[in-house]
Amino acid sequence: MEKILVLLHTMDGQIPQAGLETLGLAKSLGGGFDLAVLGADASSAAQQISGGAAKVFAVEGEAFAVSRYATDAAACEALIRASGAPLILAPDTMRFHRALPGVAERLSAAIDTHVVSLSSDGAIERWYYRQRIEASLKRTQRPWILLVEPGSQPPAAPQPGAAPEILSVSCDTRTTVEGFSTPLAGEQTIRPEAPLLFVAGAGWTKKQKDGAVHVEEAADLILDFVRRTQCSLGSSKSLVDLSGEGQAVLPFLTHLHQVGQTGSSPRHKKGLATCCHGEEPHVVGWRFIQERRAINLDPNCGWVRGKADVVYVADAFEVLRELLKLL
Amino acid sequence: MTAMHDELTDQPQTQPLDADIVCTGFGPAVAGFLWTLTQGLQKPEMAGVESKAMPGLPPQIVCYERADDISFGVSGVVTRARAIRASIPNLDPAEIPLAARVRNEKLIYLLDPLGVTRRPAWMRLADQLCRAFSGVLGVAHEGMALPWVPEFLHKRDGFIFSLGQFNQWVGQQVMMSGLAQIWPATPVAGPLIEEDRVAGVRLAADGSEVRAALTVVGDGPVGAVGRQLDEHFGMPAGHRRDEWAVGMKMVIDLPENCTLEEGTVWHTIGFPEPEIFGFLYVHPGRIASAGIFVPSWMDSPVRTSYRYLQHFIQHPYLWRHLRGGRLRSWGAKSLLESGRRGEPFLAGDGYARIGECSGSTNVLTGSGVDEAWLTGTQLAEAVLELLREGKPFTGENLENTYVARRRASWLEHESQAAEKARNGFQWGLLPGFLGMALAGLTGGRLSLPRPREDRHPKKLTDYYAGRLSRSEIERARQRAEAESRPLHDILMDMCGWPPVEYDGQLLVSHQDALLMGGKVQAPADFPDHVVFRSPQLCLQCEAHLCVEICSGEAIRISPENPAGVPAFDREKCVHCGACLWNCPVSNIEFCAAPGGLHSAEN
Amino acid sequence: MPYQIIVCGGLAPDPLQTLEPVFDPAKPSLKNELMLPAVFDPWAAHALYEAGHLAKQHPGSLVRVVSLAPKAKLQQVMMTVAQKLPFELVALDGPGGGFTDAAAVAAALADAIAAMQDLDRSRLLLFGGWESATRGAGVVMQRAAERLGITEQFLAVDELSVDADGSLLVKERIEGGRHQISRCSSPPAMLAWATGNLPEPPNHPQTGMANMRVIMPALQKAKPVTLEPSAEFLRTALPSAIRQTRVVKDVPAAEIAQEIAEWIRQ
Numbered sequence: 003m004e005k006i007l008v009l010l011h012t013m014d015g016q017i018p019q020a021g022l023e024t025l026g027l028a029k030s031l032g033g034g035f036d037l038a039v040l041g042a043d044a045s046s047a048a049q050q051i052s053g054g055a056a057k058v059f060a061v062e063g064e065a066f067a068v069s070r071y072a073t074d075a076a077a078c079e080a081l082i083r084a085s086g087a088p089l090i091l092a093p094d095t096m097r098f099h100r101a102l103p104g105v106a107e108r109l110s111a112a113i114d115t116h117v118v119s120l121s122s123d124g125a126i127e128r129w130y131y132r133q134r135i136e137a138s139l140k141r142t143q144r145p146w147i148l149l150v151e152p153g154s155q156p157p158a159a160p161q162p163g164a165a166p167e168i169l170s171v172s173c174d175t176r177t178t179v180e181g182f183s184t185p186l187a188g189e190q191t192i193r194p195e196a197p198l199l200f201v202a203g204a205g206w207t208k209k210q211k212d213g214a215v216h217v218e219e220a221a222d223l224i225l226d227f228v229r230r231t232q233c234s235l236g237s238s239k240s241l242v243d244l245s246g247e248g249q250a251v252l253p254f255l256t257h258l259h260q261v262g263q264t265g266s267s268p269r270h271k272k273g274l275a276t277c278c279h280g281e282e283p284h285v286v287g288w289r290f291i292q293e294r295r296a297i298n299l300d301p302n303c304g305w306v307r308g309k310a311d312v313v314y315v316a317d318a319f320e321v322l323r324e325l326l327k328l329l
Numbered sequence: 002m003t004a005m006h007d008e009l010t011d012q013p014q015t016q017p018l019d020a021d022i023v024c025t026g027f028g029p030a031v032a033g034f035l036w037t038l039t040q041g042l043q044k045p046e047m048a049g050v051e052s053k054a055m056p057g058l059p060p061q062i063v064c065y066e067r068a069d070d071i072s073f074g075v076s077g078v079v080t081r082a083r084a085i086r087a088s089i090p091n092l093d094p095a096e097i098p099l100a101a102r103v104r105n106e107k108l109i110y111l112l113d114p115l116g117v118t119r120r121p122a123w124m125r126l127a128d129q130l131c132r133a134f135s136g137v138l139g140v141a142h143e144g145m146a147l148p149w150v151p152e153f154l155h156k157r158d159g160f161i162f163s164l165g166q167f168n169q170w171v172g173q174q175v176m177m178s179g180l181a182q183i184w185p186a187t188p189v190a191g192p193l194i195e196e197d198r199v200a201g202v203r204l205a206a207d208g209s210e211v212r213a214a215l216t217v218v219g220d221g222p223v224g225a226v227g228r229q230l231d232e233h234f235g236m237p238a239g240h241r242r243d244e245w246a247v248g249m250k251m252v253i254d255l256p257e258n259c260t261l262e263e264g265t266v267w268h269t270i271g272f273p274e275p276e277i278f279g280f281l282y283v284h285p286g287r288i289a290s291a292g293i294f295v296p297s298w299m300d301s302p303v304r305t306s307y308r309y310l311q312h313f314i315q316h317p318y319l320w321r322h323l324r325g326g327r328l329r330s331w332g333a334k335s336l337l338e339s340g341r342r343g344e345p346f347l348a349g350d351g352y353a354r355i356g357e358c359s360g361s362t363n364v365l366t367g368s369g370v371d372e373a374w375l376t377g378t379q380l381a382e383a384v385l386e387l388l389r390e391g392k393p394f395t396g397e398n399l400e401n402t403y404v405a406r407r408r409a410s411w412l413e414h415e416s417q418a419a420e421k422a423r424n425g426f427q428w429g430l431l432p433g434f435l436g437m438a439l440a441g442l443t444g445g446r447l448s449l450p451r452p453r454e455d456r457h458p459k460k461l462t463d464y465y466a467g468r469l470s471r472s473e474i475e476r477a478r479q480r481a482e483a484e485s486r487p488l489h490d491i492l493m494d495m496c497g498w499p500p501v502e503y504d505g506q507l508l509v510s511h512q513d514a515l516l517m518g519g520k521v522q523a524p525a526d527f528p529d530h531v532v533f534r535s536p537q538l539c540l541q542c543e544a545h546l547c548v549e550i551c552s553g554e555a556i557r558i559s560p561e562n563p564a565g566v567p568a569f570d571r572e573k574c575v576h577c578g579a580c581l582w583n584c585p586v587s588n589i590e591f592c593a594a595p596g597g598l599h600s601a602e603n
Numbered sequence: 092m093p094y095q096i097i098v099c100g101g102l103a104p105d106p107l108q109t110l111e112p113v114f115d116p117a118k119p120s121l122k123n124e125l126m127l128p129a130v131f132d133p134w135a136a137h138a139l140y141e142a143g144h145l146a147k148q149h150p151g152s153l154v155r156v157v158s159l160a161p162k163a164k165l166q167q168v169m170m171t172v173a174q175k176l177p178f179e180l181v182a183l184d185g186p187g188g189g190f191t192d193a194a195a196v197a198a199a200l201a202d203a204i205a206a207m208q209d210l211d212r213s214r215l216l217l218f219g220g221w222e223s224a225t226r227g228a229g230v231v232m233q234r235a236a237e238r239l240g241i242t243e244q245f246l247a248v249d250e251l252s253v254d255a256d257g258s259l260l261v262k263e264r265i266e267g268g269r270h271q272i273s274r275c276s277s278p279p280a281m282l283a284w285a286t287g288n289l290p291e292p293p294n295h296p297q298t299g300m301a302n303m304r305v306i307m308p309a310l311q312k313a314k315p316v317t318l319e320p321s322a323e324f325l326r327t328a329l330p331s332a333i334r335q336t337r338v339v340k341d342v343p344a345a346e347i348a349q350e351i352a353e354w355i356r357q
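Just so you know, the sequences run in chain order A, B and C. As numbered in my numbering, the first sequence has no gaps in its residue numbers, which increase by one up to the final residue, 329. As numbered in my numbering, the second sequence has no gaps in its residue numbers, which increase by one up to the final residue, 603. As numbered in my numbering, the third sequence has no gaps in its residue numbers, which increase by one up to the final residue, 357.
A hint or two may mislead.
Which residues of chain A face chain C? A few of them, derived with a C-beta cut under 8 Å, are [stated by the list, open to error]:
hint, residue
1, P103
2, E107
3, R132
4, A137
5, K211
6, G213
7, A214
8, T231
9, P301
10, D317
Honestly, the hints are just simulated from the structure, not real lab data. All residues carry an ideal CB built from backbone N, CA and C; glycine is no exception.
Only chain A is shown next, with the shape it has when bound in the complex:
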């Protein structure tokens, strides 16, 4: 196994779970590794986990406390050059996904993202075509940067070690970080760490048995369920699209909630799909959901064809009303 550089960044001054997973992967491969950490409180964070690392580096300071391309790229470039390791493992966080491809270009390096496994002979696995095809590949080009998909590896237990060598990096940039915003709805309904994902499909806004549309009740039932279970809320593409076309809408749903197709691929343990058919483009987003159940009036919907564990052929409005009484 070649020498690895584990390249991490802090989040709120700590190494996030995804970082510990990357470290765990490097350690499991057995070859030697360096550690580099970027961000606020990088050096103290590095020291808490640097046990076993051959060399330890850090870049910290006000300029590097925020997530931003130019400064992150300069820092990562410096850290990678300082280590000289041919293989770089980093967590596939938004911060690194933004910065590291450009760094690869600067270093004439190869880069692969959403890597779900790495073997000791240097073969990686990743997904193509929106998780519809999996592949395994190798590269001879070095350096080679691998962004490790969060949730795909067991995390390392933190093991303190040597203090890092702090690198001094300077960089000009025209970008400043102004702040953060919560979802437009004003209510947090996306919870990536929740054990349950509740997906609402277009069927909620269609005509029901009595020939009328019941969007307000649909909205109430769904939001009530989400509040009581503190689950994460997802949506099918068709339901999100409807909001752009003057149709009866569920106002708290945005593109951020979309699962599958151009949306996200969440990793909750359980998923409950309601009023959506279960067609392929949506279901690809369910790839990492372990236990799947669906409520749909159509006994021939896509979920029945091996895509869910249980399908309840029933009226979602009725089931949800009953469910809310129990929760």
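Following the hints, position chains B and C against chain A.
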């Protein structure tokens, strides 16, 4: 460049567009038209021809196709491809996905292994004879391949195509010439008619007008533009569009151990009902198209396609090859089988009709694609001639150039031979087959006359006389309404048709075929394109044939609608138009809209 | 200020189609790739709509699409995309698909952009999708931008607004369903878009026809591009996740609710 963008950013919605030639529909007819036209325009003698709509530019030629992509067409195509090969002499099937040369062809009589079809006595006798002399007659797996394929039916020097792939291939080549634009997902609502002159078309999306000196109408048997022209100009004396069929097909991944060879062509008769002709074509890559035609002269008041198609593929003669296969694609369309008798006025001031909507489909030979292509090339040659000579697209000029070419060609000759070929089916099955053979073998010189009145669907009790009692039929109707299921399903069950056992791969529910196979879609921002004009008429309907024949189960009896008036679900419609010609009182308005099939393999 | 918005995007198979891989160690592909109907990559399409929206707000702006794809397929896809908004096209005729090398694609795009005579970096915004629906790597835009010397880069953008002083306010998706808001004082900048918030623009035939006057010649002039493979593939496969679905029918809603509640609590 920036100036252009400034203009376009606030484009008013309904400003008319100007083109020189506008085509409606991109099927084999318009494909042949644009192929020939764009090739012709590149020749030196056409160098001076300029656009009249936009002087200084070459002629502006646009085509509007309703479907979301030009590859979403449907046809079970086996064709002699005479006209296609005349246009494309070096046609190599290897360049077109799913295309194959015809290698062996058979006409097969399928016996009834279940004993449930509505065979007349003579056919039941034929089955018994077949079984009795199976060795001598070469009967195996409940089927008998006839020792020869009648000359009028043969396709031996031809090709098997996926029409979607063929259309896509031609369309790409046409557009790469830079001389024509083919716009998908742009349905045309109707023609612009000004004092009996066609001045262009009106688009369905926003009513915007596209004006052109020539409108080429190739929008198929149920296209809105063609039908509105027929309404306005009427039909030539004695001509009617009264004979139709629904063609429905599956494209199947054959099982690994399948021994069927690429280029195999089977034409079948006899099963699942004697009125239903079937086909099986084998494409490269171990893929087959299997389908059936359900004709308008089948007098079942609950005639339907999908379930019959499922029983068809399970017939032992086919099932021994298809079992274990996987459904790749599915589709359906209406066929206009009125032939010469359904020919409208082929040209007029500012317009010309080509393809199936102009009655070019030949029901004797069972071919339409090549004929449609030919009419397209004939019109293109006429247009090139008129453009070269600077003559306007008047009815007279088009008659002298396009119609004259058509009348002088093999198309005319063969369509005359075919004109009376199917008359016999209006009397009954035996006269039908005899009449077809007669016409076929004598080149149309001899044929049976047509009865005064065409065959119409019977009343339920008459159709099922001797099989189901009045009370059983009534119970079936009640169940159909209560369970929101099609009536044909329940009646077929009652008549002994075995239930279809779904395997989730090839034998799937109708809805699954729509979604897995046809990948049917409908955009959200269009109104319903199938509308029931007068609810009163629906209430008087005994068996709602529109519900039974709908290829996508888009029309169904719905408890929430005023009792008896069917409900329409846009998201299931494949735009086959079967509802249009199956309603006995023409109570259905069928408009142009985008959406429908999203599979490129039919 | 009027912007030069260059939008990079390739083609992806229409999302409804069934995909099957065909293995090859250098160049895996999809079964029947030629047959599959294609669409403009969905996220790149969002980027394009956002570009159109921005251009409308800043008169004099230019939207130019740079696309590397098989020429004939690209032409076909353009017939749908070109109806949505006014734009120019620079076409590169080359292979598409998820198994092509991202670095090679980025280099080809960047070089085509660098070669543009009228390129004005002080007004340049490079747009694209944050990842493709094919390769799904999310690296092409960053590499291309870096190659062009653009070091203000944003990933997973959902919103862009221009402040009174001309600075760009960018909202990027970050973990936890939140957005980070950054301010970039001026172009050049690269924005790799997530879905944004704009609906798909409706089709306008007039726009389409006008676009074709520029797009059709561009396609005919498309420069051929070869992409060297750089990875060695060991395996491609369809994921094998078929479950045995238990269908619960004709059971009262209250009982179903009971079962679901227990399942949630487990």
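Consistency of the hints with the structure:
With a cut of 8 Å, the hint placing P103 (chain A) at the interface with chain C holds, because the nearest CB-to-CB distance is about 4 Å. Evaluation of the E107 (chain A) hint against chain C yields a held restraint, the C-beta minimum of about 4 Å falling below 8 Å. At a threshold of 8 Å, the smallest CB-CB gap from R132 (chain A) to chain C is about 6 Å, leaving the interface hint in force. Interface restraint check for A137 (chain A): the shortest CB-CB distance to chain C comes to about 5 Å, inside 8 Å, so the restraint holds.
The interface hint given for K211 (chain A) is broken, as the beta carbon of that residue sits about 13 Å from the closest beta carbon of chain C, more than 8 Å. For G213 (chain A), the interface hint is violated, the least distance from its beta-carbon to any beta-carbon of chain C being 20 Å, above 8 Å. Taking 8 Å as the C-beta cut-off, the interface hint given for A214 (chain A) is violated, the closest approach to chain C being about 19 Å. A least Cβ separation of about 6 Å between T231 (chain A) and chain C falls short of the 8 Å threshold, and the interface hint therefore holds.
Annotation: interface hint on P301 (chain A) holds; nearest CB of chain C at approximately 6 Å, less than 8 Å. With a least beta-carbon distance of about 7 Å to chain C, the hint placing D317 (chain A) at the interface is held under the 8 Å criterion.
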